[in-house]
Each structure stands twice: as structure tokens, then as C-alpha cells.
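Visitor: Take a look at the letters that make up each chain.
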Amino acid sequence: MHRVRPAPRAAQAQPGPWLRQDALAGRRSRTRALLAVLIATVVFLAGCSGDAEQPVEPDATTAGAGPRPLTSEEAERLAVARFRNYDDGVREVSFEVTDSGVTYAVDAWVDWVNHVGYGAVADAAGSESLLLAWTPSGLSTYPWTPGEPAPLPAPGLAGAAAQEWTSSELAPDASRLHTLLALVVDLGADRPDNALLLSQTDARWLRVDDVDGVSVDVIAGPTADVVYDPATSTAAGDGSDATVRYWVTDDGTILRLEVRLGGAGEWTPVEFGPAADVEFAQDFLGGEGG
Amino acid sequence: MSSAGGIRRWRAVVSAAAIVTVLVAGCGSSPSSEPTAEPNDLVHVPGDAATISAAMDLVAPGGLVLVEPGTYAEEVTVDVEDVTLRGTDRNTVVIDGGGTRSFGVFASADGVRIENLTVHSTLFYGVLVTGLHDENGPLAHGGPGYTELDPSRFPPVQRFAIDHVTSYNNGLYGIYAFNAQHGTITNSYASGSADSGFYVGQCEQCDILVAGNVAERNAIGFENANASDSVTIAGNRFSHNRIGMTLISNYQEAFTPQRDNLVVGNLVSDNTSADSPAHALGGFGVGLAINGGQGNRVVANRIEGNPVVGVQLSNAEDLPAVGNQILDNIVGANGFDLADTSAARAPSSGNCFDGTAATTALPASLLRVTCPGGNAGEIADGGAWPRVDVPVGMSFLQVPAPPAQPSLQPGAAVEEIPGPLPAQVTMPAEADFPVPEASLLADRSGVA
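Taken in sequence, the protein lines are chains Z and V.
Adding 9 to a residue's 1-based position in the first sequence gives its number in this note's numbering.
Adding 467 to a residue's 1-based position in the second sequence gives its number in this note's numbering.
Everything labelled a hint here was simulated from the structure, so no lab data went into it.
Do not take every clue at face value.
Residues on chain V that point at chain Z, a partial pick, calculated with CB under 10 Å [to be verified]:
id, residue
1, Thr567
2, Phe591
3, Gly604
4, Asp742
5, Phe863
6, Leu864
7, Ala868
Computed list of chain V residues with no C-beta within reach of chain Z, every gap over 12 Å [said to hold, decoys possible]:
id, residue
8, Glu535
9, Thr555
10, Gly565
11, Gly566
12, Gly638
13, Ala813
14, Arg835
15, Val836
16, Ala890
Since the structure is predicted, the reported quantities are computational estimates derived from the model, not experimental observations.
Where a beta carbon is used, it is the ideal one built from N, C-alpha and C, also for glycine.
Working from the sequences, and respecting the hints, build out all of it.
Guide: Listed below in C-alpha cells is the structure:
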């Protein structure tokens with residue numbers, strides 16, 4: 010068994026490299042979680058570093074300016090956002106994030122059926138690049154040519170080159186880059202979230218916007234997977250303490266999200282796009298047992 | 468109840484949206500969709516109303532909405548008492564959720580019949596009957612009042628009949644009745660549900676019959692959560708799902724524990740579907756699971772070829788599986804034919820297995836338990852539990868569509884307006900259902 014290739018899907022809990030089937034099976038077997046669950050790592054990271062309040066500023070030029078609670082229709086759209094990713098299977102995901110003083114640009118695909126991502130990461134200067142593949146629990150990297158997009162199929166999955174893939178645990182509580190990787194790979198679900206419960210959380214509609222000409226609504230995600238009660242909650246109730254904001258289309262497709270990562274509370278945008286014919290998960294997950 | 472006006476208002480908004488869609492799509496003749504002074508006993512769609520929702524504004528209590536072949540992109544709320552919603556052809560009268568709408572048909576009034584049509588690609592429910600709703604529609608999972616249902620605030624819907632309905636690729640449930648009594652779900656088909664194909668839940672003295680249906684390619688074929696007393700599940704084909712059927716007690720819903728159903732003459736075999744949504748907890752290869760259910764009679768079923776377990780007893784939190792009688796079934800070629808996986812927290816007891824020629828059991832002592840009497844709650848060694856390869860699930864919108872299903876009463880009878888449904892369901896006799904052949908209802912299956 011070489012390092013990056015995991016045990017096959019059929020195998021039972023084989024120890025070893027990062028793409029462990031038991032971890033994936035556990036990920037698949039979760040009951041339908043609300044959107045709040047996937048931001049837990051973000052909250053944690055933000056909490057450690059003394060998050061500064063950043064009030065949401067609704068766009069006063071639009072009718073019914075937010076922030077305000079979600080209508081049932083908006084809650085339903087947010088409730089299907091992760092399912093839309095799953096139903097699409099694979100989409101393109103790109104973002105830039107500054108981690109420990111270095112700005113990284115990630116241009117990748119995420120497969121939400123198989124819970125795996127793959128792409129290229131480069132520093133802002135364009136002097137260093139790596140391929141990366143990740144799951145909710147692990148990350149592997151491979152040396153790569155700066156400026157070159159990630160190739161399909163991924164290189165080095167057989168033969169001597171496999172030694173160049175190196176693996177580690179994903180560490181979202183220690184790294185902003187890892188936080189974002191963990192968040193986006195978890196942004197899929199095989200069924201809708203609970204729209205009714207979502208409408209009762211502190212998720213808030215903020216404003217309308219457009220992304221590349223497509224009309225979207227901007228919605229602050231919930232801070233917790235619970236009914237919001239202003240009498241007892243410590244949450245602000247106006248979306249200002251949300252750590253994820255969603256730009257969603259009429260059918261609930263996410264075109265952009267912004268994540269607030271610790272420190273000064275700046276928002277990191279993540280862009281989403283189609284990738285209908287891209288397949289890579291089986292190169293990393295499937296096939297033989299190594 | 469004060470919400471009736473609200474419901475109608477809400478539906479009117481949906482109707483208006485549907486009409487706009489129809490007009491924009493150029494479909495047409497734009498017949499009147501405004502309520503008239505004289506409600507009608509028979510309303511044709513699209514002849515008298517462009518949409519099914521608009522027809523619901525025209526039809527009189529006790530009347531018939533008869534829908535011609537076509538694709539109807541709408542959510543239909545049936546809130547007029549004793550109304551029948553019927554398609555002229557089961558396979559070509561299609562309510563299409565488009566992967567965006569929440570439900571296909573929602574019945575909130577007493578005495579509703581839903582017949583001879585197809586619903587697919589909704590995000591939550593294909594066909595839903597419930598008394599639990601507000602002005603925004605049904606209050607299903609997670610809503611206020613769901614855990615502790617207050618019957619005075621949300622009285623159960625009375626008298627319903629769902630017959631010859633096909634429901635596929637709906638996000639949670641295909642055909643779903645909860646907080647409802649005195650109803651029948653018959654001769655219907657459900658596939659591609661990420662939760663269960665058929666679901667009956669949250670009722671006491673339910674008086675509900677589920678008979679002659681096919682569920683396949685679902686995470687669970689049939690699920691009962693907290694539906695008790697007079698529930699009969701008879702002569703159904705619950706094969707080729709991930710889990711065939713479950714009787715469960717669930718604290719997230721009202722009326723625990725589940726108890727006293729009759730499960731007779733069903734085929735619950737080969738629940739190994741790969742072209743289905745994953746079960747939320749990874750379940751696979753299971754025939755019938757009784758999870759904290761009590762006092763159920765499981766008689767004359769055929770339960771074969773389920774690679775994990777044929778009949779499984781377990782606890783639901785502190786609610787044990789108690790007093791279930793497993794009688795005269797044919798079981799075989801299951802991982803274990805019988806298993807009790809109850810935790811020490813709530814050991815099972817008083818469950819018995821007579822005339823069911825099981826050859827494998829966990830613990831093995833179940834093979835020697837007879838009726839009356841029953842088991843004493845020996846805790847099984849979990850290390851022997853079968854390990855199977857669970858295929859990755861698929862999007863419920865991408866599950867293969869079912870084959871054409873038989874229609875109801877072809878010919879002139881399709882325009883007959885039926886009389887009101889009776890106050891009580893006429894239940895079939897247990898003896899009417901011998902152990903079925905493995906071919907039961909196979910002609911309706913897309914898998915067999």
C-alpha cells in the first residue's frame with residue numbers, strides 16, 4: 010500500500026494514510042445536520058483569536074432591507090444549498106486566504122458525493138505551488154509547477170512518483186487554510202436541511218446582490234443549530250455575529266460564500282462554479298487497496 | 468381551528484405563482500382561476516382550471532378534481548373536505564416538483580382521496596396527509612408542536628385514501644401520513660426517497676391500512692414512527708431498498724412507544740439497493756427492524772436475502788422492544804435471520820418467534836424462544852455482527868424512474884364522484900394474507 014492511495018471502499022477500517030474509509034463512512038453516515046454544524050470549526054478558530062464585531066451593513070437601496078429573519082421560501086433555498094452541491098456532484102471552488110502571513114490561492118474541485126477535494130494551491134508571489142487533495146480529515150500534497158492548474162487525472166498516484174505525495178491530518182483549528190478546506194468539503198448533503206428549523210435560527214437575510222450577472226440573495230448563516238430566542242440567546246440576532254454568509258440563487262445554488270476567520274474579522278470570499286465533467290475521486294479513493 | 472383561513476390564503480399565493488408559470492410558459496387558454504359563487508362538484512384540469520391548485524378553489528366539498536395528462540409544476544394543497552383528487556391516467560398525470568418545490572400534494576382536510584397520478588422530484592414530500600400545519604403549510608420535522616403534539620391544537624386529519632399513486636425521487640418521503648387517522652394507502656408505489664418511501668407516524672388508535680404497495684430504491688421502504696394500535700401493513704412489496712421496513716419509537720415525535728401493529732403477508736427481501744439514496748445512519752441489508760416497538764404481530768411475511776439481518780429487535784434509547792410476536796414467517800439467506808441488538812440500557816423481553824424457521828440468530832438463544840413467553844433479554848455479542856460493503860448513496864433526484872404502473876378504473880368510471888369515505892377503515896382479515904411468493908407485485912418493480 011502506498012501512502013496516498015487509501016484502502017478501497019470495501020475495506021473495513023484499515024489503518025494507514027489519510028483517506029481512510031472508516032472516516033469517510035462516518036462522514037456519510039451523519040444525520041442531516043444543519044448548516045450551523047459545518048461552521049463549528051470556523052467559530053472555534055474565530056473564538057480563539059478574539060473575534061472583533063463587524064456590524065452587517067444592509068444595502069439600504071433595496072426594498073425590505075435586511076438584516077431580517079428568513080422568509081419560508083428563503084429558508085427553503087438555504088436548506089437545499091448543500092444538497093445542490095451534492096446533486097451537482099463536483100463543482101469548482103476557489104479562494105485566497107492569508108495564513109500565518111502568507112497568502113495562498115486555492116483553485117480546486119470538490120466532490121461532495123465522495124467527500125474529497127483536489128486542486129492546486131500557490132502562494133501569492135507565484136513562486137511556490139503544490140497540488141493538494143483533501144477529505145474532512147486529511148490532506149495530501151504533491152510538488153507542482155507554479156502557475157499550472159491541477160491536471161486531470163492527478164499525477165503520481167502509482168509508481169515511484171507516489172512517494173512525492175505527503176500526507177497529514179487536516180488541522181482546521183490550527184490553520185485558516187485548513188479551516189476553509191474543511192468547510193468547503195463539508196458543504197454538501199445528500200438531502201435538504203430542515204428548512205423549518207433553519208427559519209427559526211438566527212440566520213438572516215441581508216440583501217440582494219448579483220454574481221457575474223446572476224441575481225442572488227445574501228444570507229447570513231446561523232450561529233447555532235437551535236431555535237433563536239432573543240430572550241435567552243447570547244447571539245446578536247441580526248446576522249452580525251455570523252461567520253458564514255451565502256450568496257444563493259433562486260434555486261439555492263451557492264455562487265459565493267464569505268467566511269469570517271478570526272482576528273480582525275475580515276471576510277474571506279470563496280467562489281463556486283460548475284465542473285460538470287470533472288472526475289477525480291476514484292483516483293484517490295477507489296480501486297485497489299494498495 | 469383558526470388556521471383554516473390562513474392555509475387558504477397561503478395556497479392562493481402558491482396558486483398565483485403556478486398560474487404565472489403556466490402563462491409565461493405559454494400553456495394557454497387561461498381559463499378562469501378565480502373562485503366562483505357556485506362551487507362545482509366536478510372540476511376538470513386544465514379544462515375548468517389551468518392548474519390543480521386553481522381547481523381546489525373551484526371544487527365543492529365532496530367534489531372531484533379530475534386531472535388530464537400533463538406535467539403540473541405546482542404544490543397542491545387539498546383543504547376542501549371530502550374532495551377527491553384524481554388523475555385520468557396514473558403515469559401521465561404528473562405533478563413535478565422540479566427539484567425545487569417542497570411537496571407535491573398536501574392534504575389537510577378530512578375525507579380526502581388522492582388517486583391515480585404521479586408525483587416526483589420534490590424536496591421533502593411527494594404526498595403528505597397531516598393535521599399538523601399552519602398558514603405556511605405542513606409543520607413537519609422539527610417544527611413547533613412536533614415533539615409534543617397537542618391534539619387539541621392540531622387535531623389529526625380524519626379519513627383519507629391514497630390509491631394508485633406513484634411517488635418517486637422525493638427528498639424525504641414518498642407518501643407520508645402523520646397526525647392522521649382512519650385512512651388507507653393502497654396499490655401505490657414509492658422509490659428514490661432519501662428517508663422512506665412510505666411513512667405512517669404520530670397517531671394513536673390510528674385505524675390505518677397500508678396494503679398492496681411497492682417500495683424500492685429508498686433508504687427505507689416503509690417506516691412507522693409512533694403509529695400505534697390499529698395499523699395494518701399487509702401484502703406489500705418492500706424489497707430492494709437499503710432497509711425494507713421499520714417500526715420505531717422515536718422521542719423526537721409524539722406518542723412513544725410505537726405499539727400494536729399487524730405486519731402480515733409482506734415481501735421484505737433483498738434490501739441491497741445500490742441505486743438509492745444512502746440511509747442517514749448508514750443502514751443497509753436489513754429486512755424488518757423493530758426499534759423500541761412493542762406488541763406488534765409480524766405474521767406470514769417472506770423475509771429473505773437481507774445480508775445483515777432479516778428481523779432485528781433493538782431498543783430506542785430507554786424504550787425496549789417488548790412483546791413482539793414473530794409468527795409463521797418464511798425467513799432465510801439473511802446475514803442473521805433473527806437478531807436482538809438491544810443495549811443493556813433497555814434489554815428486550817417477551818418477544819417470541821413461532822413457526823418462523825430461522826436457522827441463524829444473534830444471540831442463538833432466539834432460535835429457541837417460543838410463544839407465548841418470549842425472550843428474556845440476553846444481550847448479544849456485537850462482535851459477530853455481519854459486516855457488509857455499503858454502496859455509496861446517490862442523489863434522490865438521480866434515482867432511476869419507476870416503470871409504468873397500473874392505472875385505476877380505466878374508462879367512464881374515472882368521472883364518477885365517490886361518496887364520502889367511511890368513518891372507519893374496513894380492515895382485511897389476517898387470514899387473507901398467506902406468506903407471499905418472492906414474485907409478489909414483481910410486475911410493478913423496476914428492479915425485479
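Visitor: With reference to the structure, classify each hint as holding or not holding.
Guide: Each hint, compared with the structure:
1. Thr567: Constraint on threonine 567 of chain V satisfied, holds at 5 Å.
2. Phe591: 7 Å, holds
3. Gly604: 8 Å, holds
4. Asp742: 13 Å, violated
5. Phe863: 7 Å, holds
6. Leu864: 6 Å, holds
7. Ala868: Cβ of alanine 868 of chain V sits 16 Å from chain Z, so the hint is violated.
8. Glu535: 28 Å, holds
9. Thr555: The claim stands: threonine 555 of chain V keeps its Cβ more than 12 Å from every Cβ of chain Z (closest is about 31 Å).
10. Gly565: Per Cβ check, glycine 565 of chain V is inside 12 Å of chain Z; nearest 9 Å; violated.
11. Gly566: Violated, since 7 Å does not exceed 12 Å.
12. Gly638: 5 Å, violated
13. Ala813: The assertion about alanine 813 of chain V holds, with a minimum of 21 Å to chain Z.
14. Arg835: 31 Å, holds
15. Val836: 31 Å, holds
16. Ala890: Since the minimum Cβ distance to chain Z is about 32 Å, alanine 890 of chain V lies beyond 12 Å and the statement holds.
In summary, the numbered hints that this structure violates are 4, 7, 10, 11 and 12.
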